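Undergrad: What follows is the residue order along each chain.
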Amino acid sequence: MTAPISELPAHPSRARSLARALGAPLVGGIMGLSIGAILVLLAGANVGEVYWAMLRGAFGGQRQITETFLKATPLLIVGLGLTVAFRARVWNIGGEGQFFMGALFGSVIALSFPNLPQPLLLMMMLMAAAIGGMLWALLAAYMKVRWNVNVIISTLMLNYIALFFVLYMARGPLQDPGGYLPESAQFVAAARMPHLFGTRIHLGVLLAFLLVPFVYVLLWSTPLGFRLRAVGSRASVARYAGINVERAILFVMGFSGALIGLAGIIEVSSLHTRLKGDISGGYGFTGILVALLGRMNPVGVAVASILFAALIIGAESMHVVSGLPDALADAIQAIIVLSVLAVDALVRRRQNR
Amino acid sequence: MTTTSPPIVQMRGIVKRFPGALANAGVDFDLLPGEIHALLGENGAGKTTLMNILYGLYMPDEGELRLYGQPVAFSSARDAIAHGLGMVHQHFMLVQTLTVSDNIILGQRSPRSPLLEDTKKVHQRLHALSERYGLAIDPAAELWKLSVGEQQRVEILKALYRGADILILDEPTAVLAPQEVDELLEILHRLTEEGKSIVFISHKLDEVLKTSDRITVLRDGKVVATVKPADVDKQMLARMMVGRDVLLTVAKGVAKPAEPRLRVIDLWANSDRNLPALRGINLEVRSGEILGIAGVAGNGQSELEEVIAGLRRETSGRVQICGQEATHSTPRQIGQMGLAHIPSDRYRMGLLPDFTVAENMFLQRIGDPPFTRRGFLNWNMIRSKAQELISAYNVRGATGDTTAGSLSGGNAQKMILARELTRNPKVLLAAQPTRGLDVSAVAYVHEQLVKQRDGGVAILLISTELDEILALSDRIAVLYEGEVVGVIDAANADINEIGLLMAGSKHMEHSEATA
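Sequences listed follow chains A and B, in order. Per the numbering used here, the very first residue in the first sequence carries number 1; after that it's consecutive. Per the numbering used here, the very first residue in the second sequence carries number 1001; after that it's consecutive.
Since the hints were made in silico from the structure, they are not lab data. Keep in mind the model is a prediction, meaning the values are calculated, not measured. Take these hints with a grain of salt, some might be off.
[To be verified] Simulated restraints on C-beta separations:
no.	chain 1	residue 1	chain 2	residue 2	range
1	B	Ser1316	A	Val217	42 to 48 Å
2	A	Ala235	B	Val1242	37 to 43 Å
3	B	Arg1332	A	Arg348	33 to 39 Å
4	A	Arg247	B	Gly1397	33 to 39 Å
5	A	Arg247	B	Ser1147	35 to 41 Å
6	B	Leu1115	A	Asn244	50 to 56 Å
7	A	Arg247	B	Lys1451	34 to 40 Å
8	B	Ser1147	A	Ala342	45 to 51 Å
9	A	Asn244	B	Arg1109	35 to 41 Å
10	B	Asp1061	A	Arg348	52 to 58 Å
11	B	Val1095	A	Arg348	25 to 31 Å
12	B	Leu1116	A	Ala342	53 to 59 Å
13	A	Phe285	B	Lys1222	34 to 40 Å
Idealized CB from N, CA, C, for every residue including glycine.
Next comes chain B alone, as it looks inside the complex (with noise of 0.2 Å):
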């Protein structure tokens, strides 16, 4: 690592607006040559935006942006990828049917155009390449067969290969399990030492402490301090971030839980792919409550919270709600049940972005009285019931007429919020209640979280934030590859127990989640 040598790039003052928001406020930069540089910040902090105009997606508004010491100004990321910038966006940009080699050549101007280069010497290069590199993929297999952590050093290698020495990775480590984060910090180190630069946004201290040569935190579109992770430490960082000393947990009571109000039982249950995604899972839920699910993304989360709202089938086990059968049972029947659910993808479940917000609120109950009278909409009382509940958890930029795509994200989940939470339930099911939102809306849904609890509510929490689980839950229950290997009182629990259960490499020995 050489410190002492000038960067090689270097962002000066840059100013991003979008409609709305001021995403980066006077950013200033620098990426020195060999180095892997942290940026860190909250979800809305500008880490995104400021690391999209490095790679040429947008287009700053002010600001100067030098590479080698030289003013650039990309107006495409094909001229970013010229200049030897390279990115790994969160969400891969590959073909899933589609040989390594083939994603990488793809959008590629063939050599002997019209027709494609030669397979065998692209094989031949990206072997070259991954052996450099130590990222082992054999470019002649299949996309789909890969691991998640495979594909993405097909991204890493698919920027090698288009000549990348700057390489950018948006939140590497998000949709990766713990063995899998280790691998890649090993080839971020292995890239440094061959030369290449790497600019890492994250917003989880652990692993930047761990990994980077100096950090960047941004908030609010600014940049707060550029550090080296020996002069600070995680209370630091954090409050870096957020602003204020942070709260890791919300302020709650002690739970006083009473009779239980949804049972797993032996549950099994297939993925998309049809391979078993839960293995026997066994939970119990109390009234007044919060029983935490903690675990990497991909361990069987999202099966879980599908056959409990009755949206996939379970191919063996029970669930009961407040002691009836809902096994078998349609979203319908169980929202009667007494259970409310706050979804985890927002806009494949939670909300009709083309519908108005009025008529999301009552999705479900628009076919009630009063929202329905002697077979008519009552479009009066949905408007005017909307306005109470937009008033009354504060959903901002919204009126009933508003379609509900229009809303901020952290808007949209206050409005399924209060959709949900206004059911009145006995069970409320939270899978990533706070995914994407920023740290005001995050405080505002586990206070209502905490509230509903002492209300007498069962709650369910599945979130892939160990932060989250750790803040809220009363008890968690870890899982990992579809099981549930451990539960913990959340009283003494044990961040490095949790962590080494996330990661697989431990196994309670009563792994059931009953009280």
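Okay, chain A solo, but in the shape it has when bound (with noise of 0.2 Å):
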């Protein structure tokens, strides 16, 4: 497959454009790290020994690494999803809402069909995962075609909806009848991802990977992609070309829908293994920034996952390690993700000159 390189904007040359690719993330991380070392300093502690604490507790050892890996698996696939409807310019910021729906259908098959074989029911569960997701998306998507709403406003308000729904299931109909929580009875075994390889990592883990070289292909070597990203370059063109704008957008709608929507009940089936109000921890969100710190390219988004995976974990292991507020955590998480950013814009605005 010779898939051109060349699908990032206007270069002057490859190496230049890969030099830079990799160059801005590094120039912004170590800025980050620098201006998150004052405020370590200003909170009294080693700078030295809490950013090792950090590495460490990401990629110290293989259960470091496997905790990172788990972490990244839902970012990583709502960045996937995000990348698809980015790159067609459409501006879903629902993933939080998409991914609770999906949790949802999943785990509603889970509850129903406790008895099914554990192959089948998990099908089950995650195609009814990526139905809930992407109907939750299509109808933002519809609004849009049909209306003309814009596609930010109605995703944001179908958010709170979804998570409001959910947690209406979680204390009302799906409530464990055992129970005096707002959360629905325990998934059975078979209804929980299978571990691999004697480790944490699950079979999420794997679809969330075997998603990237899907992800690409669909963009980069079929001509669905090429009318997705066409319709993204310029949509008055991509009309004249004979490309049915509305069509794509319900597609890329419904297509990170579901991907997200995946993600939601892999989330839910593999860690929480019940359905209830906090399963997500924003993911829908940061997904968007792992999207954009990816540059919208699958294997930067599963780079960018990585990295965003290790630093949540390094810093709940710097804050057991040194005591550390995890507000600081928190603080010096944003301040890295912020300058990756603001290096890569400032890199951009100069080639353009």
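Make one complex out of these two single chains by using the hints.
TA: This is the structure we're talking about:
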């Protein structure tokens, strides 16, 4: 397969574009760490120790690496889903809602058919989750195509509806008959993601990383992907070229919703093992950053999701080791992300001049 | 007019280089007080560059600029304005939702900053100016309610309000209807009577001869000559402009029209503002002929183009392509019926600037074999086929991997031409096919269109350049306010008659462009 690397916006040469793709995040990362170091110093801790704790927490051993990959999984799937939408310039901010709806649909299957054999049950759960996320996203897409409702606004609002709907389901129809908390009964063992290679790495992690080449091929090796990117490049030209822009909007929203819905049920089935209100931790929003930081390129998104996960896991361990407040860890995380994005934007501006 | 007084603007040896182009190669230019000085030349001759230097938008690489005998160097338009210069650009710099007076004080420092200027006082001053120069502009009017001609006068008023004594007008008549042109020329004379001096950029020979006191002809960034209108005629000016005897007609034989391929029947359509833009158009284009649509810009050309291409819904009427009903079809279906389309707006329709030339070459066909095999894009095929077309159509400065946005206008147009013509069209919709192109590219495009005609393609040529219509068409239909007001056989076309039709002052009895 000779998919072009030239998909990124106009570059004079590939070597330079590669240097930039790697260079900007690196410079930005170092900058972010340096600024974060000031915060650490102000808090009266040893910078070297703190950062070492972070690094070790994220990559210091098999267990730590496993944790990082587990954390990266939902981020990666959400980021890939959003990449497809963003490539067509459809700003799906509704990852959070689609995540919840995917989790809900999948959970209904898990709770309704506890006696099915595991492969069948898991397959049905994943399919239901994809459909749930897709339908939720299509709602916004339909409003866009039919009444030109701004996608950013509609998806953002649908997030709240989805969250509260799941909360209602978890304390109402789906509540554990034997419990008092607003959560469903625990999934049977067959409804949980099977672990692989004797580690905590589960089927969902594998699935997430298999989606990377899938999305890549979709975007750059199929006529469909070409059309989606054409719509994103300039919708008026795409229309002239005979591309159905409305259909493209429906497709990318449905596709990204389906992927994000998958992320929802994978997270619930592997980690929480029951449906409840606090299953997301903002993956729908963090996924936006992952997609943008990964420059809307599936491989870049994979790298970004791992780095993000490492930051989160590393910060937790830093909090434990150094006793620094976890708010500080959050702040350092945010500073690093901001720095990377800022350096990236600066480089881009200079190149466009 | 005082031709003996010393020049107020002197430009000496102006050189301006752009990456890959020498826009001005040592230009001398003088403006005398109270004169209308026309700057004539083809696209890319360096007219606008020269005036942008005078107006402070560009810095010259070499050369000297003197104002009232004093050397000056403007670092910005603000500088130039402070020295009494004013420029009316081809595309107006106006905010549609504001009033005339708000547009005029926009960006100006208010004397009682941070508060805005007293609206009443501004209105009074604008009234006085408008009256003095016969501009007939109401300062309180909202801009979007004004016609194009009126908006242009707002631009003039803006320059005058800011104290301009020297006015630069960049192709001011390109956007105007013929009556508005006459009004503008009258205003220009009024301005010079009141002591203003005017540079008038144009590539239209007639109005230059009619209006100006002196004419400077530019070609390839150099001055060919500065002449008085009395000493030259159109043919001479054209020769100076282009550098050789101008062939107003490309070499083409007699058309052999065959069966009708494009039919437009009683077509009505609205503009973006939801006003009727096409009112009952009837056209028929046959295989092997070029039907030219003449008319001043804004008389329904773009709406006609878009409805035929399937990009705009008609309000009533029908379009048929090769006998098939195309009225409610999508652009894709219309393409499959055999229509290829060279769009009037290259960047809004014709190409994806951040996609490669190879990707742009097969924009409509990339999902069909051989470009897609078993559901996957065949990049090797796409690249190699694109390379063939790049060579065949001589798209300079391009490989398959170049982004289309980095091509010059002429080469981008060649790319579009290559794409559309290799679709083997039965009907070719060519809208403003040479807009913004230089002479050689124009000749190339014209040649290709005639070749297509001779190959049996039915061509509908929509152009606001009357010369182009006359050079290419076998029959000419004149569009005025959304109606076909006359159809003329090109063999015995009378320019005056067409001009009258374009101006709307004449209406032929049988206005249906059916053969």
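Undergrad: Now tell me, hint by hint, if it's right for this structure.
TA: Results of checking the hints against the structure:
Taken as a hint, the range 42 to 48 Å holds for the pair Ser1316(B) and Val217(A), whose Cβ atoms sit roughly 46 Å apart. Between Ala235(A) and Val1242(B) the CB atoms are about 39 Å apart, so this pair conforms to the stated range of 37 to 43 Å. Checked against the hint of 33 to 39 Å, the C-beta distance between Arg1332(B) and Arg348(A) comes to roughly 34 Å, which is consistent with it. Against the hinted window of 33 to 39 Å, the Cβ-Cβ separation of Arg247(A) and Gly1397(B) comes to about 35 Å, which satisfies the hint.
Distance hint check for Arg247(A) and Ser1147(B): the Cβ-Cβ separation is about 39 Å, which falls inside the suggested range of 35 to 41 Å. The hinted range of 50 to 56 Å is satisfied by Leu1115(B) and Asn244(A), whose Cβ atoms lie roughly 52 Å apart. Restraint check, Arg247(A) to Lys1451(B): a C-beta distance of roughly 37 Å satisfies the suggested window 34 to 40 Å. One distance hint, 45 to 51 Å for the beta-carbon pair Ser1147(B) and Ala342(A), holds here, with the actual separation near 47 Å.
Between Asn244(A) and Arg1109(B) the beta carbons are some 51 Å apart, a value that contradicts the proposed interval 35 to 41 Å. Range check, Asp1061(B) to Arg348(A): Cβ separation about 29 Å, and the 52 to 58 Å hint is violated. Between Val1095(B) and Arg348(A) the CB atoms are about 29 Å apart, so this pair conforms to the stated range of 25 to 31 Å. Roughly 36 Å separates the CB atoms of Leu1116(B) and Ala342(A), a value that falls outside the hinted 53 to 59 Å.
Separated by about 60 Å at the C-beta atoms, Phe285(A) and Lys1222(B) break the suggested range of 34 to 40 Å.
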